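*Asks:* For reference, the chains in residue letters:
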Amino acid sequence: MQSNVLPRSQRLETLKRLRDFFNAHNSQTLKQAYDAFSLEHSIDEDELEALFNRYFVGPMEPVADPFASVYLDDPQSVMTQSTLHVRSLYETMGFFYPLKNIVPEDHIGVELDAYYQLIYLEEVKNVAYLSELRYYFFHEHIAVWMPQLIERAMHGRSEGDNAILFILNELKSFLIRETTTTRSHE
Amino acid sequence: MSYSKAKVEEILNNTISRRSFLKGLAASGVLSALPGGVLEANEDLNTKIPYSGEKSYQTFRNACPRNCYDTCSIKTYVKDGVMQFIEGATESTYTRGGCCVKGNSYVKRVYSARRLKYPMMQVGGKGSGTWKRISWDQAIDIIAKKLLEMKKEDGTLLGAALTKYSGNFGITHYGIEGMFNSIGYTTRLAGTPCWPAGIDAQNLDMGDMWCNDPEEMKDSKFIILWGVNPAANSIHSMKYIYEAKRKGAKVVVIDPIFTETASKSSQYVQIKTGTDGLLALGMAKIIIDAKLHDQKWLDANTKGYKEYKAYLDKEVKLDDVSNVTGIPLAMIKELALSFAKAKPATIWMGYGMQRHTNGGSMIRAIDALVAVSGNIGKYAGGARYGHLNTWGFNYAALSQAKPEGSVGYSGPEGAKGEFAQVGGEKAAYTDRFLNINKTARELMSAKEPKVRLLWVACKNVFAQDFDRNQLIRAFQQLDLVVVADQFFNETAKWADIVLPVTTQFEEYDVNVSYWHYWLSINEQAIKPLFEIKSDLEIAAMLSKRMNQLQAGSCTFPQSVDTKEMTIKEFNPAIYEQFGIQSWEELKKGPVKAKAVIPFADGKFKTPSGKFELYSDKAQELFGSALPKYLEVRQPYDKFRMTSPHSRWSLHSQFQNLEWMEDFHPEPFVYINPDDAEAKMVSSDDMVAVFNRQGVLRLRAKVTDNVQKGTVLMYEQHYHNSIYNVNELVDDTSSDMGAFKTGAPGVALHDTFVNFKKL
Chain A
3 MQSNVLPRSQ RLETLKRLRD FFNAHNSQTL KQAYDAFSLE HSIDEDELEA LFNRYFVGPM
63 EPVADPFASV YLDDPQSVMT QSTLHVRSLY ETMGFFYPLK NIVPEDHIGV ELDAYYQLIY
123 LEEVKNVAYL SELRYYFFHE HIAVWMPQLI ERAMHGRSEG DNAILFILNE LKSFLIRETT
183 TTRSHE
Chain B
4 MSYSKAKVEE ILNNTISRRS FLKGLAASGV LSALPGGVLE ANEDLNTKIP YSGEKSYQTF
64 RNACPRNCYD TCSIKTYVKD GVMQFIEGAT ESTYTRGGCC VKGNSYVKRV YSARRLKYPM
124 MQVGGKGSGT WKRISWDQAI DIIAKKLLEM KKEDGTLLGA ALTKYSGNFG ITHYGIEGMF
184 NSIGYTTRLA GTPCWPAGID AQNLDMGDMW CNDPEEMKDS KFIILWGVNP AANSIHSMKY
244 IYEAKRKGAK VVVIDPIFTE TASKSSQYVQ IKTGTDGLLA LGMAKIIIDA KLHDQKWLDA
304 NTKGYKEYKA YLDKEVKLDD VSNVTGIPLA MIKELALSFA KAKPATIWMG YGMQRHTNGG
364 SMIRAIDALV AVSGNIGKYA GGARYGHLNT WGFNYAALSQ AKPEGSVGYS GPEGAKGEFA
424 QVGGEKAAYT DRFLNINKTA RELMSAKEPK VRLLWVACKN VFAQDFDRNQ LIRAFQQLDL
484 VVVADQFFNE TAKWADIVLP VTTQFEEYDV NVSYWHYWLS INEQAIKPLF EIKSDLEIAA
544 MLSKRMNQLQ AGSCTFPQSV DTKEMTIKEF NPAIYEQFGI QSWEELKKGP VKAKAVIPFA
604 DGKFKTPSGK FELYSDKAQE LFGSALPKYL EVRQPYDKFR MTSPHSRWSL HSQFQNLEWM
664 EDFHPEPFVY INPDDAEAKM VSSDDMVAVF NRQGVLRLRA KVTDNVQKGT VLMYEQHYHN
724 SIYNVNELVD DTSSDMGAFK TGAPGVALHD TFVNFKKL
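For the protein sequence lines, the chains are A and B, in the order given. Each residue of the first sequence is one higher than the last, beginning at 3 in my numbering. Each residue of the second sequence is one higher than the last, beginning at 4 in my numbering.
Hints were generated in silico from the structure; no laboratory data involved. Just so we're clear, the structure is a prediction, and the values are computed from it rather than from any experiment. Beta carbons are placed, not taken as given, at the ideal position from N, Cα and C, and that holds for glycine.
Derived DEER-like restraints, expressed as beta-carbon distance ranges:
{"hint": "1", "chain 1": "B", "residue 1": "Gly101", "chain 2": "A", "residue 2": "Glu63", "range": "28 to 34 Å"}
{"hint": "2", "chain 1": "A", "residue 1": "Leu41", "chain 2": "B", "residue 2": "Gln553", "range": "43 to 49 Å"}
{"hint": "3", "chain 1": "A", "residue 1": "Glu63", "chain 2": "B", "residue 2": "Ser448", "range": "33 to 39 Å"}
{"hint": "4", "chain 1": "A", "residue 1": "Lys127", "chain 2": "B", "residue 2": "Gly101", "range": "53 to 59 Å"}
{"hint": "5", "chain 1": "B", "residue 1": "Asp47", "chain 2": "A", "residue 2": "Thr31", "range": "25 to 31 Å"}
{"hint": "6", "chain 1": "B", "residue 1": "Gly101", "chain 2": "A", "residue 2": "Ala145", "range": "40 to 46 Å"}
{"hint": "7", "chain 1": "A", "residue 1": "Thr181", "chain 2": "B", "residue 2": "Ala9", "range": "18 to 24 Å"}
{"hint": "8", "chain 1": "B", "residue 1": "Ser448", "chain 2": "A", "residue 2": "Asn171", "range": "50 to 56 Å"}
{"hint": "9", "chain 1": "B", "residue 1": "Asp707", "chain 2": "A", "residue 2": "Ala145", "range": "55 to 61 Å"}
{"hint": "10", "chain 1": "A", "residue 1": "Leu41", "chain 2": "B", "residue 2": "Val104", "range": "45 to 51 Å"}
Start from the sequences and build out the full structure, keeping to the hints where you can.
*Replies:* Next comes the structure, spelled out in structure tokens:
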């Protein structure tokens, strides 16, 4: 089991890259986030953005909506009970969310950011106060819906969309590694 | 390592545990240790509040701004900045606490994952599906530079066209037209595909389109619902119809289709499509022959009764009326006489009836029937079609000056549309008006200058306009197509730039109805989601950028607040009409206009001041002073196709929501059993419905709700289907509409098709 756990710095770095990728809001920041993975597959900046938008942004119906609510509550809705549950978690964890009521808290990029900061707190600052909430957040929420997003994106993938495939695999590997580290004792 | 799910949920859900946890959090140094990112450390952590967010609901006043008779007054419940549910406002006796299935889906609509979220540009070309996210500044910069480039090259902005209609009827949304006013003389897709022939007809007859209050129908003794289906499309009106029926009134539905409303009526009369005018003339003749007409009222209040009666006497043969309409003569006589004997009696005319090549003439004939029966200007009577009597706002957002030196069109000026008409001094130039009902061919044929930029707002062109294949060609020849919408639709698919716009819950506005007499304020209940902006904010951003690039090139305010813009729409006359001192009283709930019976004083706004059974204006414009019977368009294929509205959608809105798809997951073509048998088609068979315009493939429903010789397909749009009934509709005009709305309507129920089993 222990062998699946990434070294501390690598764990944080992977998480940060995933966060930055899913939070990218233009072709430049997206390409920077993608290149940070140092993948063998290279892709043009504009092509990457078109792909990213088709999968996760729109304006057409994305291949895989990047919100937990779509997988946990209602396939066509954002800002549902799951979103508000995540809101409550963030607020209990001491987070302030500047985009409250603008971008739902359960956007994949926001959740990866929260998870990154929680890991950072433990690994870099050695503060364990939020560990139990972090475990809960991961196992009861992230690990429930993000695999569904990956599955949906994989299912809707077109041949040649390798850049997205690589990122999805990175996310999948990360989730598997995290899943093996903690369990609820109930 | 492990964790306790129960313990964490105790912290989240138990007041004392959570407070204790938050105190520990503050003391543990967590907040200063968080690295920060999208989420930040909450430096103002309040450990005293037992649960984050607000426990109680905030309520807001809203209104449904869709193109619907009912224009519901809404009360919105918000908790911690999130809409929880809505309900119909109880203060309005019309809405009376309930919304329709579409209104009740508003939370789903606002929080639909399918909403447009960011400005985006289709970098792979129109229809390519290759989109790039751009900032608002980038989007506005591209548009502003294109407009200024066109102005420089053409010497005018007539190459910039606006098409906007009924996606949002909020008064401040006329600021979209205001935005186009503020950049110069431009091209407008003018007219209306909705109700123009009927508007012209009523204006020719009475000088106005002004219906009685629908709430009066509860006291009507006889109600004819003529080509209208309120049980599906104006559900709040049904309670008055039911009440009248309970009190003994006869409710008759005249319709080619056995509708939901017909199933609730006292009597259903199935009429052959497009022959309603002749039935009305025949009924009038029967009433007059039986001396049940109101001669006194006719003498005092009409012009041309003598000529009208002479026409009935000479030209209208009752056997012909029966043969043409398909209704037994005895039934026609009984209907006419019982209608004439009941006082007050009223007729509500639907909009579908005037979507024929003879539509305006049919409305005129029915108006005349109501006049003959003496029910014009009477409480609970009237020839009901619609009204704009409560729309006397300032249209401040609309009224923007042209930039100095603007050059425009010097051709004849006419009406631009049916709603907001702002007067002013006659200018040397005007905007250029193209017929909205022939959008494709007009965009392609406009010259000097040709149209190069099209702005689409509050409208889904590909769903509502005609000749889809030509529309694609028209869009492809444009340099820049901007679509401002809430959802990605087929029009957005052919855009260069899409701009995400607010729902009514994310902005201020004010709303009235074209049917009932209530006024509602629309408060901003929640923040706009994602990067969504209101149409007014978009206009302000465009103005700011254009003025940065070329000072004085746009007169629209460069920053706006939708609340301030809404307040500017009120005036003393509105306050007087609705009996309020200030718009702020509307925060307590909607208010109703003071009761007025249209035309009760006998003053009509026609040239003669009377109800004009004989209209010189009608003679001048449409070649017939009298409401003569005009034959409907002759068939050009085997079956007539009608395409009425569905109760699950409002034009192309709402059907994309999951609830509606649950109720009505796919389109059907409804076929009469005789026709189905001849073509060996059974229910649920796949069929192709086709004509010279195009072809649709869908499942059949065999039902005698539709007449032999007619097929029916609802005007519906699905997010996961290319079905669009307008694929089969050409853009043949109805007889009237140009008089008061700028362009004739479309005879869309005079479409003919064939079908075969697949």
